[in-house]
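Participant: We have chain A already, so just place chain B on it with the hints.
Keeping their order, the protein sequence lines are chains A and B. Numbered per this note's numbering, the first sequence spans residues 2 to 257. Numbered per this note's numbering, the second sequence spans residues 2 to 257.
Zero decoy hints are in this set.
Intra- or inter-copy, both count: the list cannot distinguish identical chains.
No farther apart than 20 angstroms at their CA atoms in a straight line, the calculated lysine to any residue pairs in the SDA-like style are these: (1) K36 x A133; (2) K188 x V200; (3) K52 x L71; (4) K23 x D152; (5) K52 x E69; (6) K257 x L208; (7) K23 x E68; (8) K27 x D152; (9) K52 x E68; (10) K94 x N249; (11) K23 x G153; (12) K27 x E154; (13) K94 x A133; (14) K27 x G155; (15) K52 x D67; (16) K23 x L71; (17) K27 x G153; (18) K127 x D96; (19) K94 x N130; (20) K213 x F230; (21) K94 x S30.
By construction, these hints were calculated from the structure, which means they are not laboratory data.
Protein chains: 2
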Amino acid sequence: MNFQLTIVKVGGQIIEEPDALKNLLKDFSRIAGYKMLIHGGGRMATELAEKLGVKSRMVDGRRITDEETLKIVTMVYAGLANKRIVAQLQALKVDAVGLTGADMNVILSQKRPVTDVDYGFVGDVKEVNIKALLEIINQGYVPVLAPLTHDGEGNLLNTNADTIAAEVACSLAGDFNVRLIYCFEKKGVLTDENDENSVIRNLDRELYQQYKEEGIIKAGMIPKLDNAFRAFASGVKEIIITSAAGMNTGKGTYIK
Amino acid sequence: MNFQLTIVKVGGQIIEEPDALKNLLKDFSRIAGYKMLIHGGGRMATELAEKLGVKSRMVDGRRITDEETLKIVTMVYAGLANKRIVAQLQALKVDAVGLTGADMNVILSQKRPVTDVDYGFVGDVKEVNIKALLEIINQGYVPVLAPLTHDGEGNLLNTNADTIAAEVACSLAGDFNVRLIYCFEKKGVLTDENDENSVIRNLDRELYQQYKEEGIIKAGMIPKLDNAFRAFASGVKEIIITSAAGMNTGKGTYIK
Numbered sequence: 002m003n004f005q006l007t008i009v010k011v012g013g014q015i016i017e018e019p020d021a022l023k024n025l026l027k028d029f030s031r032i033a034g035y036k037m038l039i040h041g042g043g044r045m046a047t048e049l050a051e052k053l054g055v056k057s058r059m060v061d062g063r064r065i066t067d068e069e070t071l072k073i074v075t076m077v078y079a080g081l082a083n084k085r086i087v088a089q090l091q092a093l094k095v096d097a098v099g100l101t102g103a104d105m106n107v108i109l110s111q112k113r114p115v116t117d118v119d120y121g122f123v124g125d126v127k128e129v130n131i132k133a134l135l136e137i138i139n140q141g142y143v144p145v146l147a148p149l150t151h152d153g154e155g156n157l158l159n160t161n162a163d164t165i166a167a168e169v170a171c172s173l174a175g176d177f178n179v180r181l182i183y184c185f186e187k188k189g190v191l192t193d194e195n196d197e198n199s200v201i202r203n204l205d206r207e208l209y210q211q212y213k214e215e216g217i218i219k220a221g222m223i224p225k226l227d228n229a230f231r232a233f234a235s236g237v238k239e240i241i242i243t244s245a246a247g248m249n250t251g252k253g254t255y256i257k
Numbered sequence: 002m003n004f005q006l007t008i009v010k011v012g013g014q015i016i017e018e019p020d021a022l023k024n025l026l027k028d029f030s031r032i033a034g035y036k037m038l039i040h041g042g043g044r045m046a047t048e049l050a051e052k053l054g055v056k057s058r059m060v061d062g063r064r065i066t067d068e069e070t071l072k073i074v075t076m077v078y079a080g081l082a083n084k085r086i087v088a089q090l091q092a093l094k095v096d097a098v099g100l101t102g103a104d105m106n107v108i109l110s111q112k113r114p115v116t117d118v119d120y121g122f123v124g125d126v127k128e129v130n131i132k133a134l135l136e137i138i139n140q141g142y143v144p145v146l147a148p149l150t151h152d153g154e155g156n157l158l159n160t161n162a163d164t165i166a167a168e169v170a171c172s173l174a175g176d177f178n179v180r181l182i183y184c185f186e187k188k189g190v191l192t193d194e195n196d197e198n199s200v201i202r203n204l205d206r207e208l209y210q211q212y213k214e215e216g217i218i219k220a221g222m223i224p225k226l227d228n229a230f231r232a233f234a235s236g237v238k239e240i241i242i243t244s245a246a247g248m249n250t251g252k253g254t255y256i257k
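Just chain A, with the same shape it has in the complex:
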């Protein structure tokens, strides 16, 4: 029987509010067994870009990453966001190690080809280094992944944190019973975005398709849910979409 590994993905909004982050990390520290954290930081990056007079351009919620923007996200994701989390986890006796995809060659990606849109220095995941992740997890360390990967040719690439969480979960599904928890600002996937209590308890592919067609599940949620269903299809045992407060309560939307 495999051991359990809990992979938690937290969005940018949570990690930039000191009190919310503190609570979240406290909850994370209470998760028993092997675990891993993957964080965003987009809003902090937008804020720094504004201060530096670099324009943030988004297409379908994805950041166009030119050279200046790559510097900014590297500073924010791998620097400020990642190391703050690591230092706070250490204070909670969680032996965290902050990594980008370049560190230990953990996630190799390729620059997204230019089609209608040139996303710039954005990477699509090519390979997760299972061996390296297993080594550090089995030694008792808790990886904290920043949403940056590398192309193996010396370039860092900006990569969506939801996607990284799903890819890592899929890759480790053969070695662990993987639970994947997406924490975001809502209590789960809602049927009515104005009603926090309209959380869908169980969401399977059929219902997902139906809700998409009916316009109940809208554009913003679709990439996250596509990642979640891909993880489910790859053998990830449990996938929950919930709020930060829902991490240990069992509440939220379960992907089936």
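Facilitator: Showing chain B alone in chain A's frame:
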């Protein structure tokens, strides 16, 4: 017999010039056996601080680190500088892993007490986690250390890179034959700062004392040399102060 471990410290000036950095990393990749890199980044931090309108204040070459400055050095040291180096080393087939002192609790420090000067969020090294460093080195990874430590209570602290290099070298001197190479902008310790060819070949404590008294070795070099002599006294086998180009040539100043 112990294996050899080469610890290279590179200053901020080298790492911010793309071509100089590329050459340096190529030289570093050629070092045989176990190795580790420790980098600065002060000039990049000063540049970012200027852009953000945050005033850089230095006392005796050490940066006063208030809250805003701590954010800046975290972004630059742990983010931009560290991850660029890691990505480029990966391209050179060096399996690098970028770490601050908070990651794997590698370097615990304490906030410097306020005396005449309040340095702010500056840490003095308390303990190097030999076990964690040995684990990753023995697995074939090459640590790339950013000059940040943590206090174990959730705070990152700015720590001088020369000091980190010396502390890590001292801590590992029992497990490896440690060579410590300080790369900076000169060819070595000079008797005449305007003559690049006036490199002191061998420098022992007695000569160091004499040169200090005669004003031949000046304030700027003293903290670096004090670190170097401390490392020598702690059993570090070879300590060289040299230029980036001198890394593999055997040229430079040898501390005896």
